[in-house]
Structures are given as structure tokens and as C-alpha cells.
Amino acid sequence: MLNYILRRILYAFPILVGVNLITFFLFFVVNTPDDMARMHLGMKHVTEEAIENWKQERGYDRPLLWNESASGSEKLTETLIISESLKLFRFDFGVADDGRNIGGDIKQRMGPSLAIAVPIFLIGLFTNITFAMLMVFFRATYLDLSGVVLTVVLMSISGLFYVIGGQFVVGKLMHLVPISGYEGGLGAFRFVILPVVIGVISGIGSGTRWYRTIFLEEMGKDYVRTARAKGLSEYRVLFHHVLRNAMIPILTGAVVVLPLLFMGSLITESFFGIPGLGSYTIEAINAQDFAIVRAMVFLGAVLYIIGLLLTDLSYTLVDPRVRLS
Amino acid sequence: MSSNKVKKGGIVAGVVAALFVHLLSISAHANWNSPYPSEVVDEQVLYSSFSGRPKHLDPARSYSSNEYTFIGQIYEPPLQYHYLKRPYKLEPLVASAIPEAYYIDRDGERLADGAAVEDIAYSIYEVSIREGVRYQPHPAFARNDSGALRYVELTEDALSGVENLSDFPHNNSRLLTAEDYVYQIKRLAHPALHSPIFGLMTEHIVGLSDLREALKGAREKDSSGWLDLRKFPLEGVEVVDAHTYRIKIKGKYPQFLYWLAMPFFAPMPWEVDQFHAQPLLQERNITLDWYPVGTGPFMLTVNNPNRKMVLERNPNYHPDYYPVEGEAKDRLSGLLDDGGEQIPFLDRIEFSLEKETIPYWNKFLQGYYDSSGISSDSFDQAVQFSSSGEAELSREMEKRGMRLQTSVSTSIFYMGFNMADPVIGGSSERARKLRQAISIAVDYEEYISIFANGRGIPAQGPLPAGIFGHQDGGEGINSVVYQWQDGRARRRSLEEAKRLLAEAGYPKGRDRESGKPLTLYFDVTASGPDDKARMGWYRKQFEKIDLQLVIRNTDYNRFQDKMLNGNAQIYLWGWNADYPDPENFLFLLYGPNAKMGKNGENASNYDSADFNRLFERMKNMENSPERQQVIEQMTALLQEDAPWVWGFHPKNFGLYHAWYRNTKPNLMANNTLKYVRLNPVERARLRAEWNRPVLWPLWGGGLLLLLLIVPAWLGIRRKERSSLRTQEG
Amino acid sequence: MSELYAWLGGKPLFLWTDMLIWLLVAVIVLGVSYTRRRPHLLEPWHRVAKSRLAMGSLVVLLVYVVIGLLDSLHYRPALEQSDQSEEVHYAVEALTALDWMVGGLRESGEKSYSAPLATHLYVREMVGESGGEVRRDYPRLKSGGAHLQNPQQRAADLVENSIVGGAKGLLLWLGIALLLVLLLTRKRQQISPRRWVVEVARGETATPWRTILLVTAVVSLLLMAAIQVGVKYHILGTDKVGQDVFYQAVKSIRTGLVIGTLTTLIMLPFAILLGIMAGYFRGWIDDMIQYTYTTLNSIPGVLLIAAAILMIHVYIDTNAALFETTEERADLRLLFLCIILGVTSWTGLCRLLRGETLKLREMDYITAAHAFGVKNIRIIIRHILPNVMHVVLISVVLDFSGLVLAEAVLSYVGVGVDPTMYSWGNMINGARLEMAREPVVWWTLLASFLFMFTMVLAANLFSDVVREAFDPRVHKGE
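Chains as they are written, first to last, in numbering that gives the first Met the number 0: chain G, 0 to 324; chain H, 0 to 728; chain A, 0 to 477.
Excised from the complex, chain G in its bound form (with noise of 0.2 Å):
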């Protein structure tokens, strides 16, 4: 087992290489340095030795991928893309333009995020099985049918909309909910109820589909027909043997998911003011601010392999006969 997981995490590493190399050409090639230091000195009174000043304290004066000045192995060493790539690893993001450590924000945002996230997620879950579950439960009656109808229509309208709409009438017209902003500790609830209410809405219309799906499939199995056979009532094999079997499928789909929720929300934290890493990330691209793009596509490649290392896991606690090869 443990043999396993090393395996699967050295495997993570020519992968994180991969990610390392492509972001390192659409930032550093794409956009050169002396770019990043014009738009970081603004518009009033800049000079070309301040380009060169502000390069050089950040080390972005060094040549992207050969340095001819230096010697020996350090002409290798000595360059953008092995200094830049060495310190991601080592999970040091550096510092933002604005001279202030991506490390240290990225931590303090990720609390907000998983404030929004992962209420989303766990009640996205609960409300999304309910439905499936109602909906195969009537399965070819009305209700069914009209469920089936309304997830495709919830499915059909922009998630913009659900933001825009819920956040005009529940804090604009009703008063209910502040409109926009955040709060450490248990006032956070008052502002993220609203972003989680519409989450967990704008995720119905595909999030019951999918179960919907599931659950079918593992109603045409032979286990539920024995259980039928032996006179189990539909409620029973439902929701005794239907739901516990489809789980496997479900969590193990979910675990995906997982690590990613620290990625936070683009649209939902930027509409309500939540200072979590999605909004980060918005603000960084807007700003352009290279250094924290980075971070983040590195941080989300991370999660994201973290993720699939636990999904293979899941696989192996749920389903004893998968073996670990």
C-alpha cells in the first residue's frame, strides 16, 4: 500500500514538470519581463532604469534559458527557467507585484474559500442525491418527467444569471443578506449563505442528471431484481440497497473534486466580494500579475493530482477487489 502511494506520487512528478514548462513559456516567453515591469512601475514618470532596477531585485535579469556569461554548469543553473522553476517547487510563490508574498496571501485566502466551497459542495451532495433519488423513486410518472424537464432548463441558463438574479433580489430588494463582503469567524454565515444558496442552485440542473443517471443504471442490475424477488419493498431496495451501492460511484467521483474546492470560485467570490482565491485569481489576471497566475496554475496542478491519487485510493477502500497494481 504504502509502496503504491510513493509510486503514484514520483509518478506526480514529471507531470508537475509538464505544467512547470508550459506556464513558463506562456509567462515568461510570452511576456517578458520587461513587460511585467512596465505595467507594475505605472503610468506617471518611468524610466528605463527603473525597468532595469525593478527586474533585477526580482532576478529577472537573467536570461530565460542559456546564460553564455556564466560558467560552467551554472550556464544552465543560472537562468529564469531553472531558478523560477526550483523555487515553485519548493512552494515558494515569491512575491506579487505589489511586493507582497503569494505564499502568505494564498494561505490567508484559502480560509474564505473553503468557507464558500465547501458548504456548496457537501450541500450541492445532500440536495442533488435527494432529488435523483425522488426522481427514480417515481420513476416514469409525472413527477419524473417534470423533474427531468426542470433539470434541463436549470441546466440551460448561465450561471451568470443565477448570480446576477440572486444577488438583485435577495440583497438588493429584500434586504436580507449583505450584499457583498466577508467576515472572519461565525459572522461569516450572514455572507455566505446567499453565495451558497445560489451555488448549490446553479449546480442542480446537472448535479441531479448525473445521479439520476447513476442511480438507473444501478436499478437495471440483477442484485435489485433479487432484492424485488424477495419481496423488499420499493422504498427498501431504493434507498437500502440502490443508494448504497451507487455511493461507490458517487464518492468516488467526488473525491476528485475534493483537494480543488481550495481553488475557490472565480464567479461566485468575485460577485460577492469574498476574499477567497478565486477572486485572487481574477484580480491577478485583470492585473496581470504573472507571478500570481503562476502560483495558482502550479497550486491548482498540484491539487488536481492530489486528487486523483486520492480517487485511486477511494477506489481501493470502497471496492476491496480492486487491487492495487
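Keep in mind the hints are simulated off the structure, nothing from the lab. The model shown is predicted, which means the values in this text are computed figures rather than measured ones. Some hints could be false.
[To be verified] Within a straight-line C-alpha distance of at most 20 Å, the following computed SDA-like cross-link-like pairs (lysine to any residue) qualify:
no., chain 1, residue 1, chain 2, residue 2
1, H, Lys718, G, Glu182
2, G, Lys106, H, Asp166
3, H, Lys539, H, Thr518
4, H, Lys673, H, Tyr87
5, H, Lys354, G, Glu182
Since the structure of chain G is already known, use the hints to place chains H and A on it.
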């Protein structure tokens, strides 16, 4: 099955508990939708916002208005602008008087007061500061029992548990000395700080570039630690005694006094610089760029750029009083009621992060922000125009007791032509007429009415009202674009523009020789939702005189590149005055300041020998009729050459709630929060009144849900029963 | 050639996305004629054709597609000539066949906001009176309801116009129905037109012609009424600079379609090739391909897109001379958006194909082919590719609506299509600000919602049926 039920029960219980907590937290403060934890009535707390993380709070680096909102209240330069008097007037803040310059010649001999500009080699400013001014409490000043600084060589152990500056248990303060001012001027030359005015100041302050070289050399030897600037001499700036320092300026530069009212020249204690230079603190984001330390009325106590910034009253603030003099109308409007009282009035100012204008405006209407500008989208709700065309509050806003204040800002937004461009630029007759034709066609009156709801004044030249040299009325109009008719400026007709175009060799927008339509390129950085409409509008303006406009949209970096290389053709740009002197606008068109190649501020690369000569003369003059005359000559030259379509000067509209007092727009001063006074009891009452929750849709929704659930529930029951029956049967 | 253009009054402009769209049309036409001759391939389509839901949505989708295709014929109109001898020159602003057809909508600009069907501006303006006095009031619109002497006649006029429009729609529909009857009954001689009509009315035909005709009726009624009213009023109001919102929403259709279809078109070759190769050859090839898509997959999509869009800016600016018109610049950005969206979304399909190929490869007939020494390439093309096409088809149809929705979100983040381009995302992004106005300007949001929702809903319903028809798992049980 039971286990499932338990799980579900657990979740339900969790939700119920959370709701309960919510109810509890609601009862703690009156309004459900209040973004603040509790209502404060016994303290003067101002609620405001910031729209993005301020990049720099270091006075040597900060150079934008959103940063000045904070550091203007914290750092105190020697001078300030009088809060109420207009035109803007400097007055001493920490200085005991406004320094008078005296001049010396090349040999160091002092010149008589009326000396000719040519003879003046240096100007000397001697600044003396008040005694007894103390810094805010700060750990950098804390000393241990033996009298040494407590927090200088911090180790990882000593810093365990330290995340913010407030986590240091010991604080202290000390008296302000002249040396602190000198230290800060030296910091402008610090190679790691990239002070935005370093380049500019090397032209004025003697020895600043030498200091930069010396500091660079010192840093190359040891780049890690603190650079004690006290050890490096700066020729042009010296300490005379504990409360006096002297600045030596090259030649004559009367505008220098204005710089002395900006945070660049605020004092910086060396202890603080040393404290923040420690690498372990920098790792924790505890840097001088982020934790300002000053002698001002407020100090930054909560510093979380991701959420909230709080300024609190500085307990060590020196005695300071509300002005007793102002303009005549200030007494009527109650602005002098607090005259002579000790300031600041506010105990605390809470800035919340609010990136978007919509939530900001909505929260302002709900009373959660005390003041607001008006975005063009909420304009009609807030403002209506009286029969005479004056802006006044709409009835709805008036009922809420709000006040509206307007002012023409000392800035200009313009459309520039790149004078280095072969088609549109240059001093040829042909290009000039083309530029003039475009100037007439681009109807900025319409632009202001569509995109700014009338909040702007079409510019006649580079100088906005309120700046010396600006001319009002028929005298001041740009006769290339306007005619004076019936007491107002009327834009010249499109026929005239078309005629000019034909004279320029492009009849009906086509090159007379080749017959090809003239295509012009518009370089912009557009990304916002409004930009599409705006670009469409510009295109339409050119179409009016049969010109084809291609919009080249790029990101900010590319745009800067293009401007620097002189590849742009037509572009949009703006300028916000640093100080209220015409020099600060006219230098935008001074030849040696060209953008192309030199990265100056003359973005149009305009270079006219006549204008340059006049500028050099004007810049050193005191405000006088003679200076006025020179400026008029310069303006006329510019209007004829039309290197810019003059665009407009935006008008600022500010809305203030009834409980907010002592507001007067002051575009130069940035330390105005100390004059503000509030009525928190009134605020609490109105907030409660405006924010009653509307609950019936909730009940309605609940009922609907119930209606959906009941048939389902009944269905389940029936199905279960029937299956039981078949089992039994 | 130039004489032809001069006679036509415009010079065609070949945009990248236009050409790709028409290429796609050609591929589909070829695909259809290929499928028609093969009954086993045609069979699932027959199942689709029997579904009322699918055929109803298909009609709606077809309307969108026709509008999108019309909007994909760009040309640069000729500029007015001052005298005949001159060479003809063309405007830098490109128009499309659609613009030409609905020219009235495009040109009828107002000054600023006006509500749907309004006769007055939505915002007050300085109105100069004859006495020289200036008042702030709602001015009359330049084109919306301008034909009315008295704005109070508006309601009656509206009713009249919609009835006339509706009547035209009915005529149109009758024409279509008649054409159908003629075509279908001529093909199948054994059935008389009369009998067929009765069967349709009772809903007894195999293909749900009744539904199709009903939906067609609704669509043609709406369309003709909209055109009739639309030339006289702004059906969905105007935006901040007075442009017709209805026109914007219609123009956005093309953007949505391009993103939804070209993205998949671009990614398909990669996904198919790599997916099958990974599953078929296994070993190190499989490892490499899996490595590639895991790496790409692990980069958060939005960030990858943001970075790539910035890259395009660099390219466009360093090669500014290549682009004569604003449309060309915007078009290249759209194309790259499709490409980069393709790069981020091919991995899912690739993985599916790999799994499917792994299964197929163990089938007897393939092992047999191997044993006979048939070349790998041949096995892949002859045996594997046709047998995984259903996976490809399902995924293409399912992806479509997701991509249309993604465009809106990307535009919000600021890395979507060019801001000068008409798109629902840009409309929503602008509408966000309008929702804060007082009184609220709601019609831009509504317009983008209606148009986007209808298309995505139709696509979702259609794709559902297609998936069920093609999914072998569904039919094994039957």
C-alpha cells in the same frame, strides 16, 4: 436505513444550528444586511471602501490617489493645502512657516531677491519644523531595559506567532526631528525603492544622482541587510539643527514648494527603516511598503488588503485645529461651524474592500457607506438638472437628506495624435489641417453627455479651470474648434471640418492623389463592458467626416510599448495634476519630454521650437500678468497645432449622507479626513429605517416548496402502502 | 473580379472562422451523404427522428444555424464614389449577409437607452425649447416609433403590426407546409397528400411531423412578427449608445455557434488520433499520451485560456499590418479562443476513446485481423474508428451547450471574445452594470438570457435524445 436517517438527521441538525447562529448574530445588530459586525453609536466611525489592494504605502514609492487615501492621513510632509480656501493655497503643516527660497550664484554667493533667472545657480530652501511632534506608537521605537532597540536582530524564535505588526507586545514613540525628513529625501534615491519621482528629482535636488550611485555601490557589496542612509551624504540636503533642514535646488524651481506638500517629503525615522529591513519580517509581509508609520492624525491598525483596512486615531497626534477662515460661502454652508476646534473628530475609519461599483452604490444607498461618488449608471437616480442646467439632487435622494457636491477636477482626458506619425503628425500644413478637422468632428460634448452623464467640461486647451493661466468665457475658447455665439461656445460645423479635410488633401476622406480612402488607426486598451460602446462611438465620429477608423485594441503592456516606440497613431490618455501650477500641464507638450525613445510624459511627441522656448520661460516665473500672457501665447500655439483633441476635464460628483459633515471637495489636499465629523446616532436610526427585511417572498417560497413536497410525500406513502399490500397479498 | 465586386457593392472578406464554419458545413453534408447509404449507421438516426423532443429542438436549432450561417458571409461594402472614373474602395467595417438583410435594425441608432418598444428615450436629456429655455426631459426616439404622429397611438399600432406580422408568418408557414407535403408525398408515391395530412394532424406518422410543423409555426409567427415590429420599434430596447439590443442578440448567435462547434472541430483530430493510438498501441505510446493529457488537464482551464489570450494580443500587435479591419482582429482572437478551448477540452474525449479502444482491441475480429497480418493503420481505420464514432458524436453534441455557456463566463473574467465583438457574454457583462441603474435597465440581460437560453435548451434536449439513440448500453436491454 437507520444509518442513513442518522446521517441526514445530522445534516439537518447542522443546518438548524447554523440558522440559530444566524438568528443570534442578527439580534446582535439591528439590520440583517449590515456588512458590519455591530452598530457603533458612541464613537465616530467613518465607513469607506477601497477598490483594490493599494500597491504601495511607502511614501517614497506611492504615487496614486487610492494610496494617498491612506498615507495622506498618516504621513505628514512639511506643508499642506488649506482645506477651505480657493484657489488652492499652501500652508504649513509640520513646518513652522512656509519656507522662503533664497538664491545663490555659481560661486555660492547669495543673490538679491529680484535676481535674474540666468544668474541663479541654486535655490536654497530652509525648512524649520514644529517642536514637540511625536510619532505614532510603533514597535520599531521600543527599547529594552538597556536602552537599545528591542526588535532589531529578530530571530525566527522571537517571531513565532507574529503575523502582523500588532503582534509585537512592545510599542514606543519618539520626537520628530529634522533628520527624519532628510532621511526620507535620501530614500528617494534608494535603488531598491524605485521611487517614481527619482528621475524627476535628480533634475532638481543637487547630488541626488550621486547618492544613487553611492548607494548602488554599497548594495553591490552587501545587498541583503539594511542600508543606513544616515551614513551617506546627500550634497543638496543637510540637517541644520534638530528642527531645521536645508534643501539645495538646481536653478530656480518655484514649483518645488508644492512637492513639499506631498508624502514623498514626509519624515521617515531611521529606526523604522531598520526594523522593516529585517528579512524575516519581509517574509511575513511586514514591510514598510505595507505598514506606514507617521506623525499624522491617524494610524493604520488593521491591515488586511484582502478585506479591510482600519485607520485609528493616533494618540500622539500634535495639536491641530479646524480652520477658522474659508471662502465667503463656507460660513453659510456651515463649513466653519467647527472652526478652531481640535481635530481629528473621527475615532476610526473602516475601509472595506469593494471592487465593484454596483455593490458599493447599493450599500451606500442602504447607508453602509457614508459617502459615494456617482457612477454614470446610477446617475439618473441621484441627480437631476434644474431649469438652469445646474445639477441638483433628485427628490428621492433629497428625502434621504443627502448632499451633493460637485467640482471640476484638475485633470484632463484627451485624445492625442502621435506627432511622429507620417500621416497625422508633423508640422506640415496638411497634417495640421487633418488634425484640426478631426478635432472638430470628435464631438466631446456628446461624449460627456453619453458616457459621463454631463459630468465634464469640454477642454479648450490643456489647462483646467482653477489652474493659473486658464481663461474663461469667449476669451478662452479654442477658436479652431469653437465659435463664440450668444454667450456660449459652439462647436464648428461638420462642413468646416470637411472643408479643412479637403484642404488637407483628403476631399471626402480620400487621398487626392491616390484616391485611396484615408484609414486612421486608433490605439486603445479596451476590455471593460462599456468599451465596446465607446469604441463604436469613436468610430462614428470619424465616419462623420468620411474617415475610416481602425481600432487597434491591445493590452496595457503592448500599448506602452507602442507609445514608447512611437508606433501609435491616435490614442487616449489622461493626466491628473500633481500640483496646481500650469507647468504641471504644459510640460506634457514640452519637446524634450517626448515619450518616444525618452519615455517622457509628452505622449504625443509634440516638439515645437516656439512652444519649447516659451515653456522654458514660463516655468520659472511667479504667477503674474506677464506669466498669464506667456501661457496665453502657448495655448494659442497648441490650439492651432492641435496635437491633442482637447477632450474634457471631468467633473467630480460626491454624495454625502445627512450625518456626514464638513465636506468640501479639495482636489489637492489628501489629508482631508481629519476635518470630517459624523453623527452616528442619526446614522443608526436611518440605517434601520432603510433596511427593513422583506420577508413575504420567503414565506411564499416556503409555501410553494411545501406544495411541491406534499404530493410527493403522499405519493411515497401510497406507493409504500401498495407494495406492502402486494407483499401481504 | 473587381468589376463583379463593384457591381455587387462589396468585396467579400474571408475570415478564418467563416471558412472553418463553411468547411464544417461541407463535412456535415459529406457525412450525411455517407451515412445515408449505410443502413446500420442510419439506424440510430431513425431513432432520433422519431423523437418529438429532438425534432422540435432541431427546428429551433436550425433557425439559429441559418442565422449564424448568414452571419458568416462577410463583405466590405463599397464606399460611395465621388465620380465614376475613380477606383472603387471598400469600407474597413465589414458587414455580413445578415446585416444586409436586416439593415434597418443596424442603422436605426438612438442616442442612449430606450426601453423595449418605447417611443421615448429612457434617460432624460437637456431639451432646448423654442423660447431658448432648456429643460430636462425624455426626448422622442429617432427611429423607434418615429412614424407615429402621437405616441399615444403606440398600443394600437403595435397590435396592428403584430397582427400583420403574424399573418405574414402564417403565410410563410403555409408555404413551408405545402412544400413539405409536395416533397414527401412525391417521394413516397403510395401515399396520397390528403391522407398524409390527416395522419400528420392525428400525430400518426413515424417522424413526428405534427410537432415539427407546430414548432415551425410558432417560430415563423414569432420571426415575422419580430421583423414587422422590429423595423418600426426597438423590440428589445436599445443599449447605452443607442444600439438595438435585438440586433445585438441576433448577431451574438454566430459567436455562440462558432465557439460551440469550431472548438470541437478543432480538437476532434487530436482527441481521436491520440485516444485511439493510446488505446491501440498501449505501452510507451499510451504512457506518453496519458502523460500529455494529465498534464494539460491539471492546469486550471481558465488560467490557461487567460495566458493564451494574452499571447494572441502579442501576436496581433506585432503583426498589426496583417489586419485591415477590426473584424479581422476580433476574428483571430475568436479563432484562438476556440483553439485554446479545444486544447483544454479534448482530454475528456481522448480518455473515453482510449478506454473504448482498449475494449475493442480485445475483440475477436480484431485479434483475427492481427493474426492475418493486416496493417495497424488499416485496422484502426476500418475497424476501430467506425466503432468509436458514437462516442465522438455523443461527446460533440454534449459539449456544445457547455461551450456556449463557457463563453459567457470567460467574457466576464475578461479573457473571452474580443470586447468589440457581439456576444452574449459581452452583453451579460455589460448588463451587470445596468442592473444597478435606477430605474433598472433589464432588457439587455433579458435579451441575452432569452436567446442564449433557447439555444442551449434546444441543444440540451437534442443532445439528450442523440445520446440515448447512440448509447449502446441503452439499447442492449431492449
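The hints, checked one at a time:
| no. | hint | verdict |
| --- | --- | --- |
| 1 | H/Lys718 with G/Glu182 | 48 Å, violated |
| 2 | G/Lys106 with H/Asp166 | 18 Å, holds |
| 3 | H/Lys539 with H/Thr518 | 14 Å, holds |
| 4 | H/Lys673 with H/Tyr87 | 18 Å, holds |
| 5 | H/Lys354 with G/Glu182 | 16 Å, holds |
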